[in-house]
Every structure is written in C-alpha cells, then in structure tokens.
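*Asks:* Each chain is listed here by its residues.
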Amino acid sequence: MQEHKDDICNKTQAKNMPNDEDEYDEYDSSDEEDTYNTVGNVPMKWYDDYNHLGYDWDGKKIPKPEKGDELDNFLKRMEDPDFWRTIKDPQTGQNIILSEADIDLIVRIQKQKIPDVQFDEYAPWVDWFTSEVMKTPLRKFPEHKRSFLPSKIEAKKVSKLVHALKMGWMKSTAEMQKDREKNQEPQFYMLWQSDDQAEEMRRIHKHIPAPKRHLPGHAESYNPPSEYLFDNKELKEWNKLKTTPWKRKLHFIPQKYNSLREVPAYSRYIKERFQRCLDLYLCPRALKMRLTIEPEALVPQLPSPRDLQPFPTTMFMVFKGHTDMVRSITAEPGGQFIASGGDDMLLKIWEVSTGRCLKTVPCGGVIRNIAWCPNQTISLIAVAADKKVLLINPGVGDDLISSKTDELLEIIPQSEKIVIDRVRSAVQWDQVEREHWSIGIRTQRNVRVYDLVKQEMVKKLLSNSQWISTMAIHPGGDNVLVATYDRKMLWFDLDLSTKPYQTLRLHGAGVRAVAFHKQYPLFASGGDDRGLIVSHGMVYNDLLQNPLIVPLKRLCHHESYNDFGILDIMFHPIEPWVFSAGADSTIRMYT
Amino acid sequence: MVVIGKKKYQSGEGAQFITRRAALRKLQLTLNDFRKLCILKGIYPREPRNRKRAQKGEPGIKTLYHKKDIQFLMHEPIIWKLRDYKIFNRKIGRAKAMKDFAKIKKYLSNHPTLKLDHIVKERYPTFIDALRDLDDCLTLCFLFSTFPSLPHIPRDQSLLCRRLTIEFLHAVIYTKALRKVFISIKGYYYQAEIKGQTITWIMPHHFCFEPQAKNEVDFKVMSTFVEFYIIMLGFVNYRLYHTLNLHYPPKLTNTGNNEKILVDEEAYVSERISALNVSLVSLDPSIPAVEDDEIEIDQFSSETDATKIEAARVEAEKIQKLKNLFKGIKVFINREVPREPLVFILRCFGGEVSWDKLLFVGATFDENDETITHQIVDRPSINKQYVSRYYIQPQWIFDSVNARELLPAEKYLMGAILPPHLSPFIDNRHDQTYIPPEERALMDPNYKLDNLEADSDEEVKNDDNENEQEEIEKKKMKIQADEITKKNPRKKAKRENDDKNENEHEEIEVQNDLSSGSDEEEEDDDNDNVQIVEEEEKNKKKKQAQLEKKKKMKVQAGEITKENSWEKAKREKQEYRLREKMIKKKHRKLYKSMMKGREERAKEIWLLRKKRRIHDAEEKEKRKEQRKQLNKSKAVKV
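Going line by line, the protein sequences match chains A and B.
According to full-length UniProt numbering, the first sequence holds residues 1 to 591 in order.
According to full-length UniProt numbering, the second sequence holds residues 1 to 638 in order.
These are computed hints drawn from the structure, not numbers from a lab.
Beta carbons are placed, not taken as given, at the ideal position from N, Cα and C, and that holds for glycine.
Treat the hints loosely; a few may be bogus.
To be verified - Calculated cross-link-like contacts (lysine to any residue; reagent style SDA-like; alpha-carbon spacing at most 25 Å):
(1) A:LYS212 with B:ASP129
(2) B:LYS105 with B:TRP80
(3) B:LYS220 with A:GLU272
(4) B:LYS121 with A:LEU278
(5) A:LYS212 with B:GLY196
(6) B:LYS581 with A:TYR501
(7) A:LYS182 with B:PRO112
(8) B:LYS573 with A:HIS557
(9) A:LYS212 with B:THR175
(10) B:LYS589 with A:GLN466
(11) A:LYS206 with B:ILE79
(12) B:LYS62 with A:ARG285
(13) B:LYS584 with A:LEU291
(14) B:LYS592 with A:LEU287
(15) B:LYS584 with A:GLN545
(16) B:LYS570 with A:VAL299
Said to hold, decoys possible - Sample of chain A residues lacking proximity to chain B, with all beta carbon distances greater than 10 Å (derived):
(17) LEU75
(18) GLU79
(19) ASP82
(20) THR92
(21) VAL117
(22) ASP127
(23) MET134
(24) LEU149
(25) ARG368
(26) LEU380
(27) ASN393
(28) GLN466
(29) TRP467
All chains, full assembly: derive it from the sequences and hints.
*Replies:* Have a look at this one:
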C-alpha cells in the first residue's frame, strides 16, 4: 500500500509539476528518475533525530518542513476543506492533496475491483495459439517419410504377441476373465476309481486316524428324562469347577425344553467346533491299547481254601488273666500247656484243653521273650525278663520229668558268648536251624546265615525294607519268612536266591509276628492291624516247583491297645491250632 | 585310544522325533504357514513312548513331530504355493503403499491358488477311508454354511459349504441312508450309514452364529480346515452321485427356478429347503432308482452261529422297514416348526412334505388338502382343525425314526406334555450303564412305566422302604448282617425290575466292602457258628460213611442245617479280599483304578436312580392332589 501511494504521489507530482511535454513522460513509470530524495527506500524513522529528511540530487540536505504547533494544525484542519484528502509525503515531508482520480482509484482498489476503469473483463478471448490445424503448416519443411511408414519395432512386438496368443502362451483378457471365473470354483471329478482299492503313493508314515467324537447321551437331549437334570448340588459343583472345566462330569448343563420351538442356539457351539479343530491338528496322537478285561481277571487264581483244610477258622478260646500286654507265648512240645509272659511281669502257664491258668510266676521284670525247652525229657522254660535270663521249671505235666529237671538245674551252666563281634550294633534276635547246623542272624535290614560248623557266613538275605521285625524258619529249613514293620512279609527261598521269592502285603500295618506250623503246611502272621492271617505255605520236595502260598483266613478278634494289635503268634505243636498273644492282655486260640 | 561309539540320540526314539521349532527351521516356513500346511496335509504331533529320550534329554514338554512326517511335508508341492503367497502379499503390500492401483489389480487378477486334489487322494487312499473321516468334515461344513461373511474367511467358502452340504443331504435322501436322529441342545444329530460306514454329523440350531472373542476362536484356523473339507466333500459327493447314477452337479426335476437370485439370506435358506423337497434327475432314466430289493443274507457266510445269522437277518429287515417308515404319509409342516430337519428326515424315509405356500417357496400342496395324514404343530392349540389328520408335535418324527416304527401318536398330540426324548446312540453293551425307565419300556414291551400306574401306591411305598434301607446299607456296613436277614423274606415279593436293581446294589456293596479293606470289623460269633456248622456237616458225612464199619461209636443224628447263602457269599467275599492282596505288584495300581472306576459308575447310577425316584414321587403327589381337587369339585357339583 505504501508503494502504491508512492506511485500515486509520483504521478501527482508529475502532474503538478509544470514540466514541458515529454513523449515518454506519460508511460515512463521509473521511480528513480524523478525522485527528489536520494536516500532510497529506507524507513524514514531513521531520520527522526535529524532535522533533515535526506539529500537531493545535488547532495544537499532536504530540510524537514516546519511543523507548526498543534493549535495551528488544528485550526488548519478545521478550516481546510481538503484536509481529508491531504497526505504527507514521507520522502519530502510535504503535504500533498490527492486528486479526484486518485481517490477514485483508491476506492476501486478497496472495493477489490480492477483499478483501471477502462479495462473490460468480459472482452472476447483472442486465441493466439490455436489448436486448430491449419491448412498450410506454420513450419516450412514437410513431414518425414518415417512418419508415414508403420514402425518395424512395433510390428515385431505385435508379431510376438500374436505368436504368443496363437501358441496359447498368452491369453486375451476376455479369455483370462473366463478362466478366472472357471477356476474360482473347485472342479470335481472321479478321484477314486473304486471303493476300496488304494493307489500306491507316498502317504503319512504310520498314520493314526483321529478318534471320533463321543456320541451324545440322554443328558444332551433337548427334553431329557428328569433324572439327568442337575439338582442344586450338582449345579453348584459344576459352577465351582469353572477354572478346571475338564474335571466336570458333563461339559454342559442339561436343559429341558417343553417344545422344539423353544430350543435356542447353543452358545458354545462354535467354540466346541474350534476346539475339535485344534485337537485335530495340535493334539499329539499315539496308539493306546484299551484294556477290555474285567478287574477280576487280574486277581491271581489260587486254589480254594476249602481244598486246603485243615486250618484254624474260628476262635475257640480266650485266655484271660494277664493285666498288661502279652509279649510272648510258647507251647510245651507235647502241646498240653502253653506259657505266656508280658508287661505285667508275670509268667503264666495255661492248660490248653481247659483254658485254666495253672501257675503264675512273678519274674520281677518285663518279660520280653519266653521259650519252652524243645527237649521233652526236660521241663524247662527260659524267660528273658528285664536284663536277666531265668530258667524256670514250671512243674506241670509229668512229675518225674519235673523232678529230674530240678536236679539238673542245680548245676550252674558255664556262660558262653555266641554273638559275633562284627554285628554288634543291631542284632536283635536269632534263630537256629537245627538240621543244617547253621544260624540265621537278623540285623535291622538284612538276615545273615552262618554255618556253625565251619564258622563262616554263608549268605546274606537282602530284605530291601527299612526294619525287620521278626522272622520264622520253615521246618524244612530251606525257606525263611521275614516280617517287617513296613507291612510286608518276605518269603525267602534259600536255594533260589538272596532276594525274596515273594513279597506278601497281607497286613495293613506293621507285621509283628510270624510262625510256621511244624507239621502242617501252614503259617500265620499277625501285626498291628489286629488281624491274624492264616496262610497255606506248601513247600514241595521237588526243587523245580515253587512254594505255593495261599492266604486262607483272616481272624480279627484282638482289640487295639496303644496302636498295638498282635504281639506274638504260635502254632500248636501237633494240632492245626494257632495262638495269638495280643496287646489287649489276652491270648486267643483258634481252631 | 579313542573309542568310536555311537553318539547319543542318533538312533532310536531320539532320532525319530523332531520338535516343532526344528521342523520350522527345516522347512523354512513361518509358524502360520506350517500350521496351514499341517492342517491341509493332516500332519499331527505324536506322543512318544519315552518323552525324555524323544526330546533328546531336554526338559519340559515340547510338541514333537515324527521325522518322517516332516520329510513328507518337505516334498509337498503346495509349500511352493505358500511361498508364492508370501511374495504375492509382499507385492500387493508394496503396490498398495505406492498407490499403484493398476498393479494391484494386475496382481489380484492372478493370485496364486492352492490345489488340494492330490492331498485328498493322499490322505484318503480309498473312498471308504474318506467316508469314515466324514464326521468332522460335515459338521464343520454345516456350521460354515450358516456363517455370514467374516473377515479372514474367503467369501465364497460359506456359499460353497451350503451347496455341498445340500448335495450331500440329497444323496442321503436318495439312498435312504439315514439311520438315527437326535435333537440335542447343541443341534440335530444325524447318523447315516453309507457303504457300511456310519457317519454322524451335527446340524446346529438356528442362529448359531455369534461373534467370538479373538483369543477364544480363531476363524482363520477353522477356515483352513474348511478349505480342505470343501474339496474333500466335493469329491465324495461326486463319487456318491456317480455310484447312484445321478448327475453331478445335481439337476432337480423342477427346472423352473434354476436361476438362483440371492435376494437375501432368508430367501436362500428357503430355497435350500425347498430344494430338499425335490427329487433328482438320474443320468440314465432307463435304470430304476433305488431298488427295494429283498436282502438275502448269504447262507454260506463264515458265520456259523445260527443265532447270529438270525440276528443279522432281523436287523436287515428292520432297516428295510425303516427305509420306508413314512411311506404313504403326507405331512404338512406348520410355520413355527423348524422345517429343514423335518423335511430332510421325512423325505429320507419316503414321506411327502409341504408347508405354507405363502410364506416359503417350494410348497407342493396346501394345508386344506384332505389327503394330509399328519400336520406337525409346535403350538399349544390351533383354531381350524381337520378331523382327517393327526396334529402332532415334531418330536414324534424323531422318536419314530429311532424306534424304527411309527409310534402311537397319543403321547405326541398337540398340547400334550412330551415324553422324554432319548438318545439313540447309547449302547447298553456295557453292563454298568443306567437305563432310564422310558428306554427300558421301549426295549421290552412288558415293562410298565412306574409313573403311569395309578394304583401302585403300595409298591411305591415298598420301594421307598427299600431305598431307605439301601442307603443305610451304604452308610453302615456294620449292621449289614441284620439288614440282609431282613431282606431275605422280602425278595420273594419283588418285581422283576426291582430284582435287577437289587443285584446291582449288591454289587455296590461288594465293592464297598472291598474298598474298606482291612479295617473292617466283622467275624461276629454267628459267622463262626456257620463255620462250626460246616465242620459238623463234614464230620457228619464222614461219619455216615464210617457208620457201617464202626457201629460201636454212638452217633447222634445231627440237625440238618442248610448253609446260609449270604454267609457263604460273605465267606467268599472274604476269601476274595485275601486273594486280592496277592495281585502282582505291577497290576496293583491298574486293579485299583479299575475298581475305582467301577465304583464311580455304580455311584453315578445310584445317583440317577435316586433322582428319578424323588422326581417320580413328586409327580405322584401332584397327580394325587389334582385328583383330589377333581373329586372335590365333582362332589360340590353333585
């Protein structure tokens, strides 16, 4: 705007100045020619501090025009009718009065019209460079011959395409479209020529077909029998297993609808289908044999106990009299009497046939073990009470024998050390096999067999258990039954190996006592579960035939006392009867 | 000296298996491509016999593939197609980024396509194999045929599924191969028998599609399955149609509306159902359609057992009867009944079907046709009723098919409370299965349903007593002996079925005894008495033999005591329990688990029976009260 004004000023100056007519004057719009001030196009405020405005052509200062005071200016403004069209030329500092034409111009510009009044916006367009082909070319030289001849290169290209089309290497767009439509749908044909003849080709190695889904049961019906619907308890349980859905009895809640139109879509259907898809491609497959046998088939076929009689089956008698646990019992070799001893420090001698207590001998200590002398010519009981061994003549039976024994007892025996030094720690008990003159020594975990004649160890039986409780030797001498506190009984066949021939787990708690019958093929075992189990243990003379072990009967009459059940077991030396001494301070006899 | 020995895991199981990661590396595929390849080729991970060895000693559980399977995949030509896809996607991506639409169009116009024909042949060597594996295929195709268009699923897949499944249904109708049907809460189960193979599939109920959470269902995986299944089903259909002497793709006898214009979904569905109602055109009209020939079972067959032959013959006759079950029946389906399953079933067994002409296309006769024998309704009442026809609920159709005969219509009439709908897929071969009374009534006609008998109050009371006692038995084993003595006289007065129940209960008792094991307190004195008695008997016999020889011994004639049967059982039980302890160590766990399973099954049966009993009692009460009220009202009227 500033420049524009300058322009206007210049024009007015030019008009105002009474110069002689000049042919260039009208069109010459150069600013430099007629500028009065030579400072150039610089901000005039730079000259605010000076009293001149710049320099004229001659290099003389142009003085600032006199300003006059405010009052004069005001009066002038009031009086002068042209004041509104007076502007100040910043270059010269002179006042200029704008002409009518100038004002018109300004107004037009402000109205955003074309400043020139004469200019016709809507004048017809003159097309200087027309697109129409002229009859005579503008150019002087004619078209080249080449432009009239078909292109050889293009011809080559086209011939190539034509050839490709002909040969079927390429297809036209129409053909391609047709093909595409055809290919969009899969084409089916006779893939298998016959129903069951397979063509030889590479296939999946050892293919395992996916198992089919289980077929639905009554519970899945839309209208199941009423018993299949969940009651509150089942529903609660179903909801409880939300985090572990595989533990649920059914994978859905059975629903009952009264009619078919009420059945809604199953909300988990897509999810189930997806699960099946996942199973098909992610689940590892393996061939598993399914057992079709009944569990009874796993139970070994043993001869019936009825064929293996006689064996004790019923409780015949209870010997009461002890006041505390009965730890040990023993029978007279003739089988007429038995002796018992226990925590009440009493040795009691009973008659088997009547069940009466014949004698009571206080021993002055807890009786750990007692044994009747197997020699029938002497009537003697050895009692291990506290830290003593007592030899007691019970004085029952034949008077002659007992008096003879009394005589014998007057001779004091020489002590002899039997236990070998090496097994000092854990020897608890020992037994002698009479026929072979060997001795079995039981340590905590194993059984050692020593030859007494040669005085050397023959065998070490490996029990493979934590703690052996007791053992019994078969009267034949080749078989040993070892009982352990970890509920097992181990049958060792000494001829076979040092490992158990059979492990019997008949008891529910630790086994405390085992015994063989001297004549019948019977053995019995008793333990903390209060049960006395009588078994048939037949050893054949034929070495090739393994011993036959059949559990026959479980007799459970003792009562529990301090978690103890049966503490000792003994067979009658002649009859198939068994005695058991229990922690409930009774001795029971089974026939 | 260096000992040249075998390295670990270079032979045996360690060399046979390959982890998924290693397989990916070997095939140079991404996990997605590998997954697709596995689905299409039917390759699956395998469970090794010894996982530690198969994983070459690595800890954890890895997905293991058989090495030969991976080698098999390596030779697969479609691997190259998958790689082409990868490049194609990259090209398209680039063109899209550059906004080069001409190129995009060009690329899209010839995108690589998978051809799966050879894989179908490879996975299913024979047609029979393909039929055997058709279950999953059909179920998934039927599901997809209900899908709307979804992202990541090719648009034409669901259309193709619709076409192929309808073709399959037509083949089933034509061969009358349908055997069993079942309405489950999940959908309609159908079982057909084609070429000796039983094929079971599920058709979902209406509106089964609903959007699924992204982490729960991956439609892409399902779509890959469908991609293969479509091809497979197409080939199966082709062969089926050709063996049946039919055109493939099928031509329908009414050629009027051949041009399918898919107006909307509903129109398409109704079109599809109406298509089911039209028979197919055979290739050679001179050959008759399915011949209703008498099946002659060969007398020279290897089966020498006469009863087996007889059973097979009876079965064949039944099936023959089933095939024409609805022959001569004209059915009109009301509009509220789902048409598709009913039309399919009725057409399968030779029935004639129609529906409301105004609502759906393809109706063949009107409601006012006097020859209609059955009208299927699923509403409590209807205004205008014809006398000449049964108004029946749709379950009648399903139950009749499963029973293989037309059931009496009384129970299924309009507005009646329906009898329970039973699953036909239960086989009662296993001895420990619960058979609901309704099923038993179906199996043997002499059996009477409890809740239908009005005058069985006393019996029910008896039942209740028994039940209580049985419960007590279960809880208190100690007083077993007394219980059983009480039971004995009662046994005589029992009905047949109760006897059965009783036996089962005793079985349970046995098991409980077994489980209770060693900590049992029995062997009361009375038991001992029995033993004594036994011995006495024996002695007596011996003595009798010896009597003649030794007359000087005085023998008193002993009382003849019969051995108590329950005591004998008890003794045997005890003996068995001891024998049980002699089970070999390697079988002990197996035995325990089997016994546990048996016990659980018994418990389940017990529970179901108890619930049934409670329910029946409640029903009875209700009926009584109703009757009382009726009587009262009558009295008031009088």
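*Asks:* Among the hints numbered above, which are violated by the structure, and what are their numbers in rising order?
*Replies:* Violated hints: none at all, because every hint is consistent with the structure.
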